[in-house]
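A.B. asks: Going by our numbering, the first residue of the sequence shown is number 74, and it counts up by one from there.
Incorrect hints may have been included.
Claimed, not checked - Have a look at the derived ranges for each label pair, beta carbon to beta carbon:
#1 S132 <-> A105: 30 to 40 Å
#2 N134 <-> F80: 17 to 27 Å
#3 P82 <-> G117: 18 to 28 Å
#4 N134 <-> G101: 31 to 41 Å
#5 Q120 <-> P82: 17 to 27 Å
#6 T103 <-> F80: 18 to 28 Å
#7 A105 <-> G133: 32 to 42 Å
If you are wondering where the hints come from, they were derived from the structure by calculation, not from laboratory data.
Note that the Cβ used here is the ideal one computed from N, Cα and C, for glycine as well.
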Amino acid sequence: MPTGIHFCPLDGTGEDVVGNNDATLIGGSTFAEGKNGQGLALNGSGQFADTGAALLDTSGNYSASVSRTRISGTS
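Use the sequences and the hints to build the structure in full.
C.D. replies: Put into structure tokens, the structure is as follows:
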């Protein structure tokens, strides 16, 4: 299992498998098939996943990565 502050694999649920802050989909975002399993389908205008808590402790050094994948029929 991954270690860290929070980890939501977004595999059809918003369950946080490391911490206690499950993600809630906001603004009509949905789970969708991704390149490797599931991910989120977002329209870029007010859709997101909210955990209700900070995901990163920004008081020290950290790194983050984001992957954007175009889903057929969207821009």
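A.B. asks: Hints broken by the structure, by number, lowest first?
C.D. replies: The structure conflicts with no hint, since it agrees with every one listed earlier.
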